[in-house]
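Protein chains in written order, with this note's numbering: chain A, 25 to 278; chain B, 11 to 277.
Think of the hints as simulated: they come from the structure by calculation, not from any bench.
Fair warning: there could be bad hints in the mix.
Stated by the list, open to error - Anything over 10 Å on all C-beta distances counts as not near chain A; from chain B, calculated:
id, residue
1, Thr49
2, Asp57
3, Ile63
4, Pro106
5, Ala137
6, Ala189
7, Val195
8, Glu209
9, Glu263
Unchecked claim - FRET-style restraints, in silico, Cβ to Cβ:
id, chain 1, residue 1, chain 2, residue 2, range
10, A, Glu113, B, Ala104, 38 to 46 Å
11, A, Ala70, B, Ala189, 50 to 58 Å
12, B, Ser88, A, Thr191, 35 to 43 Å
Please read these numbers as outputs of a predicted model, since none were measured by experiment.
Just so it is clear, CB atoms sit at the ideal spot from N, CA and C, and this is done for glycine as well.
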Amino acid sequence: MSELILRNPHSVMAAIRTRPRDVQEVRINQRTANDAWKDVAAAAQAAGVVVRPFGGRPGTAKRGGRGGSGRGGGGHEGRAGAAEASVRERDDVLLEPLFAGAQERPGVWVALDQLQDPHNLGAIFRTAAFFGVRGIVLTKDRSAPLSATAYDVASGGVEHVPFSLQTNLSRAIEEAKTSGLWVLGTSEHAEQDLAAIDRDRSWLLIIGNEERGLRRLTLEHCDEICRLSPRGEVTSLNASVAAGICIAGLSGAI
Amino acid sequence: MVGGKRRGRRQRKLMGSHQKCWLWGRNAVLETLRSGNWTPLELLVADRLRPDILAEVRDHAAAGSIPLQTAEAADLHSRCGTSEHQGLLARMPAFPYRPLGELLKQDLTRCRLAILDGVQDPFNFGAIIRSADVLAMDGVLVGTSRQCDVTAQVVRSSAGGVCHLPLYQAEDLPAAVAALRQRNVTVVGASEAATVDAERFDFSGPVAVVVGNEGVGISDALREQCDALVGIPQQGHVGSLNAAVAASLLFYEVGRQRRQAARDRDG
Numbered sequence: 025m026s027e028l029i030l031r032n033p034h035s036v037m038a039a040i041r042t043r044p045r046d047v048q049e050v051r052i053n054q055r056t057a058n059d060a061w062k063d064v065a066a067a068a069q070a071a072g073v074v075v076r077p078f079g080g081r082p083g084t085a086k087r088g089g090r091g092g093s094g095r096g097g098g099g100h101e102g103r104a105g106a107a108e109a110s111v112r113e114r115d116d117v118l119l120e121p122l123f124a125g126a127q128e129r130p131g132v133w134v135a136l137d138q139l140q141d142p143h144n145l146g147a148i149f150r151t152a153a154f155f156g157v158r159g160i161v162l163t164k165d166r167s168a169p170l171s172a173t174a175y176d177v178a179s180g181g182v183e184h185v186p187f188s189l190q191t192n193l194s195r196a197i198e199e200a201k202t203s204g205l206w207v208l209g210t211s212e213h214a215e216q217d218l219a220a221i222d223r224d225r226s227w228l229l230i231i232g233n234e235e236r237g238l239r240r241l242t243l244e245h246c247d248e249i250c251r252l253s254p255r256g257e258v259t260s261l262n263a264s265v266a267a268g269i270c271i272a273g274l275s276g277a278i
Numbered sequence: 011m012v013g014g015k016r017r018g019r020r021q022r023k024l025m026g027s028h029q030k031c032w033l034w035g036r037n038a039v040l041e042t043l044r045s046g047n048w049t050p051l052e053l054l055v056a057d058r059l060r061p062d063i064l065a066e067v068r069d070h071a072a073a074g075s076i077p078l079q080t081a082e083a084a085d086l087h088s089r090c091g092t093s094e095h096q097g098l099l100a101r102m103p104a105f106p107y108r109p110l111g112e113l114l115k116q117d118l119t120r121c122r123l124a125i126l127d128g129v130q131d132p133f134n135f136g137a138i139i140r141s142a143d144v145l146a147m148d149g150v151l152v153g154t155s156r157q158c159d160v161t162a163q164v165v166r167s168s169a170g171g172v173c174h175l176p177l178y179q180a181e182d183l184p185a186a187v188a189a190l191r192q193r194n195v196t197v198v199g200a201s202e203a204a205t206v207d208a209e210r211f212d213f214s215g216p217v218a219v220v221v222g223n224e225g226v227g228i229s230d231a232l233r234e235q236c237d238a239l240v241g242i243p244q245q246g247h248v249g250s251l252n253a254a255v256a257a258s259l260l261f262y263e264v265g266r267q268r269r270q271a272a273r274d275r276d277g
């Protein structure tokens, strides 16, 4: 399991609150750190996470004597004002538990079809956490990985939304249907607006790649297709914005 | 002759700093050239640029009297600091915002404007412009305090939006908002301390949506000028929305209500 160096206090705080044992170390310069990082250090200490000095006066921040955190440590000394944390990646889950409860309690799930940009990936997790999305399916190949950047952009969102890494999206969509989800895609050719979609069902919303949108094969799997705007192409909105509008719409927020 | 022209142009303020005035990428540069309202000071093309693109770039350069030079890809890389230049760079002057007066001269009875009060992140700024363009807002008005400039990254994140959507700038945003309200524009602030959900707010009249700074939100002086503060109701247990996503949700909601109202009118 690999280790991530996170630099957003909100993403670190969320990890400390939800899985403190995976937070290996918080490094902080108490003199220059902002309030958000000071709160992180306090929460880390309370949770039994190692807190060490970071950066600051050259030569005073020693990094020796660390146990298991291993690689990914060096090269940060002397960057005054900075703080960071080493956090293990979060485990993904299988599809069956991911889609559990769809028939009993309607909700929103999201599938990302070969998203390229870690900023978009992180932004979608952030929005998903805000609207209580129940799970996210991610493709493994030719897709932005859940990197430290994605965790930091998500601002804690990755900790609150379960996800499943899948090689074959079509199979995941079939599994979703079996579990009682309906599948929704977006396209500028759709005749109905997002507002026309029945919000009492459980939906798996599919977000296509930034450049080509939804693949034809994926569109064929969709139970419903809606549009977000009467004008513009399918990729005309930023992928994380398009996802945000769909998630908010299906959640009944707009 | 070319030298003379360039000497004259060197006096102009550049986009970003001297090092950061290069716009890169095929789409970003071509869209800017096609729009014709933000003329590059100079074009730099890689010697291996595709012939059809080179031909279009040459046409624009000739039409706009823009100096054009050919260089090796490595040279382009070192100018713009990224390998994603796709063989095309443009040295840009500062972005030509439209003055507030131009906005106030227009018929504002159907206005749907976005106002940005200190959006700092270039990805957010670009994404907001892109969304405002696609979701049929009329334009974006920005202030000067804490506000991100139109940089190369903003142009790229906006996916050409900076070339299509009117962008206005006002030194004194609270005064600009007061002037808009004088013209019966309802000014709505997007805020986590909102008193009304966006879905319940009536956006059918002339409206301006204010989006604040990523960290501190809308400035006090501007918040006092807002007719209402609206928000997006949270459904999960944690977190907040990214500024670009929150802004886009409101733009979408404005459009949705307008379309709904039009359908109701038409029976």
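Hint check results:
For B:Thr49, the non-interface assignment is confirmed: its Cβ lies about 25 Å from the closest Cβ of chain A, beyond the 10 Å cut-off. The Cβ of B:Asp57 lies farther than 10 Å from every Cβ of chain A, with a closest approach of about 27 Å, so its non-interface assignment holds. Every CB of chain A is more than 10 Å from the CB of B:Ile63 (nearest about 18 Å), matching its label as outside the interface. The Cβ of B:Pro106 lies farther than 10 Å from every Cβ of chain A, with a closest approach of about 24 Å, so its non-interface assignment holds.
Not every Cβ of chain A is farther than 10 Å from the Cβ of B:Ala137; the closest lies at roughly 5 Å, contradicting the non-interface assignment. Non-interface call for B:Ala189 relative to chain A: holds, since the shortest CB-CB distance, roughly 29 Å, exceeds 10 Å. Every C-beta of chain A lies more than 10 Å from that of B:Val195, the closest at about 22 Å, which supports listing it as non-interface. A beta-carbon of chain A comes within 10 Å of the beta-carbon of B:Glu209; the shortest separation is about 5 Å.
Residue placement check: B:Glu263 does not keep its beta carbon more than 10 Å from all beta carbons of chain A (closest about 5 Å). In this structure, A:Glu113 and B:Ala104 meet the distance hint of 38 to 46 Å, their C-beta atoms being roughly 43 Å apart. Separated by about 52 Å at the C-beta atoms, A:Ala70 and B:Ala189 satisfy the suggested range of 50 to 58 Å. Hint check: B:Ser88 to A:Thr191, Cβ distance near 40 Å, so the stated range 35 to 43 Å holds.
The structure fails to meet hints 5, 8, 9 from the earlier list, while all remaining hints are met.
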